[in-house]
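So the protein lines, in turn, are chains A and B. The UniProt record's numbering applies: residue 1 is where the first sequence begins, and numbers increase by one. The UniProt record's numbering applies: residue 1 is where the second sequence begins, and numbers increase by one.
Please keep in mind that the hints were generated in silico from the structure rather than gathered at the bench. Even for Gly, the Cβ is constructed at its ideal location relative to N, Cα and C. Treat the hints with caution; some may be incorrect.
[To be verified] Quick look at which bits of chain B chain A covers, simulated, 3 or more residues with Cβ under 8 Å:
1. 61–67
2. 143–149
3. 162–170
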Amino acid sequence: MLEVRGLTIAARGRNLVRDLSFALPDRGITALIGPSGCGKTSVLRWLAGILGNGQGGLRARGRLLLDGAPAAAPHPALSYQPQGDALFPWLTIAQNAALGLTVAGLPRGKAMARAAALFAPFGLAGCETLFPAQVSGGMRQRAAFLRTIVQDSRFALLDEPFSALDAVTRLAMQDWLLARLRDRPRGVLLVTHDLHEATGLADRILVMAAGPGRIVADIPVPIPRDRRTEAAMAPLRQSLKSLLLKELPR
Amino acid sequence: MLPRIPPSLILFALLLAGWEGYCRLSGASPMILPPPSGVARALLAERATIGGHALATLSVAALGFTLSVVFAFIASVALHGLPWAERALMPLFVASQTVPLVALAPLMILWFGFGLLPKVLLVVLVTFLPMLLSLLSGYRQTPADFRDLLVSMGARRWTVFRRATLPSARAPFLAGLRISATYAIVATIFAEYAGARRGLGIYILAAKNNFRADLVLAAVVVSAALTLALLAILQLADRLTARGPQERPDA
Chain A
1 MLEVRGLTIA ARGRNLVRDL SFALPDRGIT ALIGPSGCGK TSVLRWLAGI
51 LGNGQGGLRA RGRLLLDGAP AAAPHPALSY QPQGDALFPW LTIAQNAALG
101 LTVAGLPRGK AMARAAALFA PFGLAGCETL FPAQVSGGMR QRAAFLRTIV
151 QDSRFALLDE PFSALDAVTR LAMQDWLLAR LRDRPRGVLL VTHDLHEATG
201 LADRILVMAA GPGRIVADIP VPIPRDRRTE AAMAPLRQSL KSLLLKELPR
Chain B
1 MLPRIPPSLI LFALLLAGWE GYCRLSGASP MILPPPSGVA RALLAERATI
51 GGHALATLSV AALGFTLSVV FAFIASVALH GLPWAERALM PLFVASQTVP
101 LVALAPLMIL WFGFGLLPKV LLVVLVTFLP MLLSLLSGYR QTPADFRDLL
151 VSMGARRWTV FRRATLPSAR APFLAGLRIS ATYAIVATIF AEYAGARRGL
201 GIYILAAKNN FRADLVLAAV VVSAALTLAL LAILQLADRL TARGPQERPD
251 A
């Protein structure tokens, strides 16, 4: 169980996120949705330990608990996947996939072997020695997921992982991700602004509102995945939509 | 099918033909404007002498250039790690580039004598900054995603630098290297012109003083060839060390 307690993120004296608390179970997908600017990405970046990177002036206060014990990000139990695939163009797909393991100190050969074992189930067999520029966007995204999953961390933090894909590939990739997570279950925190994505994938949806960022609803989605038809999900999407619209600043 | 000839080669041949034709038709004195054939004859006749001088120039340029690459790399790593040092030193570096070579070359000879040191220093001075700037700008082009990803994996500063920042700077660095390489031979000749025992610069000076325009031009041809050879070596190094199908924008 991963817990965030009393997270406040301030930018230049203004609170971007205020007193945010939630828990992430060891299994299942939790979607974090909200209007842009509500700080959902900042929450994810804080969990990944990269909030201070780049965007200067962001200051965070809050506690991260792993099974009740205080933890500090970046933490090996949490693996982060940035928006876009962030594959290094000068590494082969296999080397990219093994990046997290080699950075964690695993010898190169062992890391490559562990990543190689996942290429077939991830539908990437034969791509090992290709470079990212030589494969399609969908394949690149698969490789990015492989890089995240192979780290065998207990939790995965995904920042809009499908946003760079076209609509058809996105639908296929969502099903594909669910299948991969069934084989290798873990706790997933999925940041998205796509209601279809949230209602299609998540076991639970956290709705954030802006100004300052806070969680306004915690909605479980008990419907099994095979029965999540357009019609079945419409009422949930409608209520989420009205919830988000209500919180928009006028 | 006709073999494909690069347009630059055709243009070059046309220019040479025009020059040759002008010299024949106008009856210009070969003392003032020797035709290309005259330059070629002079080059052939003096090839041993010019070759020796060219070798001296090449060794100075290569040594200076190599040192410059090493210095630029060390300086870039230091300045990348210490942003305040970059802000403090950069104006100084840029100002150093505004000193005219004509003024600097004789001073270098005056301070450091006729040996290797002043010439190497001049080459370093001329070629250092383009490389440093290209490295620093390459470091800055590192995608933020790459850095975020590595830090979230628990990478320390040095690992981030080695695995993301340095490889990102590869293409800009090679561009800077090509710019610096074209300066290296010219700077060496300048230094030799101000005073040397051997080298193309001093050879050109002597040929000019003897009114041998053909020999001056022959030396110029050799210096151009040296620069092109240096660029070809860089191109080869680029090919050999390339990782992946990267687009190669020409600098």
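Status of each hint after checking the structure:
Three residues within the 8 Å Cβ limit are the bar, and the region 61–67 of chain B against chain A gives 0, so the coverage statement is violated. Here's how the region 143–149 of chain B fares: 7 of its residues keep a CB closer than 8 Å to some CB of chain A, so the rule of at least three is met and the hint holds. For the region 162–170 of chain B, the stated coverage by chain A holds: 4 residues have a C-beta nearer than 8 Å to a C-beta of that chain, and at least 3 were required.
Violation of the numbered hints given earlier is confined to hint 1; every other hint is satisfied by the structure.
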